[in-house]
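Engineer: Work out the full structure: start from the sequences and follow the hints.
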Amino acid sequence: MFILGVALTSLIGWLAIGRWLRGGWPAGLGLGFAAGAGLLSLQMLLYGLAHDRWSLAAILLPWLPLAVFRLRRRPAFERPRPPAWLEWIALAAMLAAPVAWLAYERVMPLNTRGWDAWAIWLFKAKAFYLDGNVQTFLRRAGDFTAQPSYPLLIPLQGTFLYLLQGAPADHTIKALSPLYFFALLAAFYYLASRFGPRAPALVFTAMLANLHMVNIVAFELAGYADTALSVYLLLGAGFLYAWIKEDKLEHLILASLFSSLAAWTKDEGLFFLAGVVAIAASRLLRRAVRDWRPWTALLAWPALAVVPWRITLQVFGVPGSGLFQGAWNLSNLGPGLSAILTQAAKPNAYNLTFWLLLASLPLARRAGLDARWWILPALVCWQLAGLLGVYLLGRNEIRWWIGTSLDRILSQVAPLALLASALVAAAWLEARERQTPPRVERRRARKSGSAA
Amino acid sequence: MLIAWPHILEQYSSVAQARAALAPLSREDRAAALDQPGYGVAREIARAVPSRACVLVLARTGPEHVKYYQARFAYYLYPRKARVTDRADAAESGCAYLAVFRDTPANLAQEPFPGHWDEAQLAARLARLTKIHADESVEIFRSPEVAR
Numbered sequence: 000m001f002i003l004g005v006a007l008t009s010l011i012g013w014l015a016i017g018r019w020l021r022g023g024w025p026a027g028l029g030l031g032f033a034a035g036a037g038l039l040s041l042q043m044l045l046y047g048l049a050h051d052r053w054s055l056a057a058i059l060l061p062w063l064p065l066a067v068f069r070l071r072r073r074p075a076f077e078r079p080r081p082p083a084w085l086e087w088i089a090l091a092a093m094l095a096a097p098v099a100w101l102a103y104e105r106v107m108p109l110n111t112r113g114w115d116a117w118a119i120w121l122f123k124a125k126a127f128y129l130d131g132n133v134q135t136f137l138r139r140a141g142d143f144t145a146q147p148s149y150p151l152l153i154p155l156q157g158t159f160l161y162l163l164q165g166a167p168a169d170h171t172i173k174a175l176s177p178l179y180f181f182a183l184l185a186a187f188y189y190l191a192s193r194f195g196p197r198a199p200a201l202v203f204t205a206m207l208a209n210l211h212m213v214n215i216v217a218f219e220l221a222g223y224a225d226t227a228l229s230v231y232l233l234l235g236a237g238f239l240y241a242w243i244k245e246d247k248l249e250h251l252i253l254a255s256l257f258s259s260l261a262a263w264t265k266d267e268g269l270f271f272l273a274g275v276v277a278i279a280a281s282r283l284l285r286r287a288v289r290d291w292r293p294w295t296a297l298l299a300w301p302a303l304a305v306v307p308w309r310i311t312l313q314v315f316g317v318p319g320s321g322l323f324q325g326a327w328n329l330s331n332l333g334p335g336l337s338a339i340l341t342q343a344a345k346p347n348a349y350n351l352t353f354w355l356l357l358a359s360l361p362l363a364r365r366a367g368l369d370a371r372w373w374i375l376p377a378l379v380c381w382q383l384a385g386l387l388g389v390y391l392l393g394r395n396e397i398r399w400w401i402g403t404s405l406d407r408i409l410s411q412v413a414p415l416a417l418l419a420s421a422l423v424a425a426a427w428l429e430a431r432e433r434q435t436p437p438r439v440e441r442r443r444a445r446k447s448g449s450a451a
Numbered sequence: 000m001l002i003a004w005p006h007i008l009e010q011y012s013s014v015a016q017a018r019a020a021l022a023p024l025s026r027e028d029r030a031a032a033l034d035q036p037g038y039g040v041a042r043e044i045a046r047a048v049p050s051r052a053c054v055l056v057l058a059r060t061g062p063e064h065v066k067y068y069q070a071r072f073a074y075y076l077y078p079r080k081a082r083v084t085d086r087a088d089a090a091e092s093g094c095a096y097l098a099v100f101r102d103t104p105a106n107l108a109q110e111p112f113p114g115h116w117d118e119a120q121l122a123a124r125l126a127r128l129t130k131i132h133a134d135e136s137v138e139i140f141r142s143p144e145v146a147r
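Chains as they are written, first to last, in numbering that gives the first Met the number 0: chain A, 0 to 451; chain B, 0 to 147.
Here are the simulated EDC-like cross-link-like pairs (lysine to aspartate or glutamate), alpha carbons at most 16 Å apart as the crow flies:
1) B:LYS80 x A:ASP142
2) B:LYS66 x A:ASP115
3) B:LYS80 x B:GLU91
4) B:LYS66 x B:GLU110
5) B:LYS130 x B:GLU43
6) A:LYS345 x A:ASP406
7) A:LYS244 x A:ASP369
8) B:LYS66 x A:ASP142
9) B:LYS130 x B:GLU144
I should point out that these hints are in silico values taken from the structure, not numbers from a laboratory.
Structural biologist: Right, dumping it as structure tokens:
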């Protein structure tokens, strides 16, 4: 039933966004899973507010007409050409860390480490399942220390799986985190190969697959929402870049959808969504766009993913997380900034991710990338600036705050930072290839030279 | 890969050790083995306390462990309301059930108990209640006002 739940999630996501994707089945599966989880959980929120009990039929039946419409013709995924030797090596390298982490036993020590996942995310999934709706728990929110105001994508996705299984089997919701990790790899490869050749895209995807801190967050801290958030941040930024580069409306729809799902996953995503909406809106305003379609594409998803939940919190009188509340404490600037830079520079945590990003900044222009590429590092900096802002608010003791948040937040933006570097590497390789004559021509030139 | 490799090797070895220790156990036994003694205690409370009731857990444990057990018991015992405190004289505040839980010596060695815990006062308090369950890790009591 768990596998059926995951398959249905991917299918629903693919039904919704598949027409705008190009590429093979890993992209359809990975991006479909990410989109499907978000759409299902939003649907469940609206149902859970309107009805006493969820029913699987009510959740799944509305997708049936779309499935009939979309599947009336057999879906055609691109058939990839066979990998070259370097690509085989990258594929093998991609499996090294996930194989080491995937053993089920690694999920169990969550019991003794990282119990926030139980207290916040898994707890709500179980409560919603047992109550059959979201209202009962929200009415009792004061009875529990479960951060009731946090967004509900992960808890409601867990509830959906519990409904299929007929029991709150918590090991299945913990398995979502590794699944998001594979969706992250699929999303990264999709974006990197979309804007560059396949070989560097695979090499950088392998680098992402072996990032130690990203592995820890996905596997050892299974049950948290950070891996899911990193998928949505990556896709939100990647499709925003695609929209700015190619000016196609569907990219704006996808950028807005995935950024809104980031906000529906964690409060950090709300900050990211504000950044994406600000960049897109400023571009539309600068170009004096009066057409209603891009504006709707930009604002409809945030309205659906953020507004109902915020209204619900108000209606039920649920207190906020207080993340952005508190008095400014500028003495936290030094320790906060220093901790972010020191931790990001650690190769044993993030490999060379942030060093590569730093190296990419002067190289991007020389590789032939224009100013549009800068939105990717800008969004990484935006997220880190948000984190620094939270440290400056001084709600918690700074050392404790850094110790409990920094690694996870860097792991959320590490894939995006790596994507920015991957695009520079791909552009640089392509530029070099254009400058160098093909091997056949070089051979001919040598022959004609020797004949002369 | 060169930078990532030591972590990957460490992970392989850690998985092998975990597998050796946990492979013969059922899923429930694994949870009990890793979550000692939260899982087992919560299971006993869940058996003894009705699903819509409130239970006050007096826990002789360290301050971080209080937070830990609060999260664990809230999770395991939902929809019951579970409140965990390290003060033996804490008020019931409308909770009809009371559980007394003494943490394992290993956990207390890791984080010593700093709370308020007077055994004589506790015994007098418990004498007024009906004992409905007792084992080596937890005792559970019911207020006499609760209808059987």
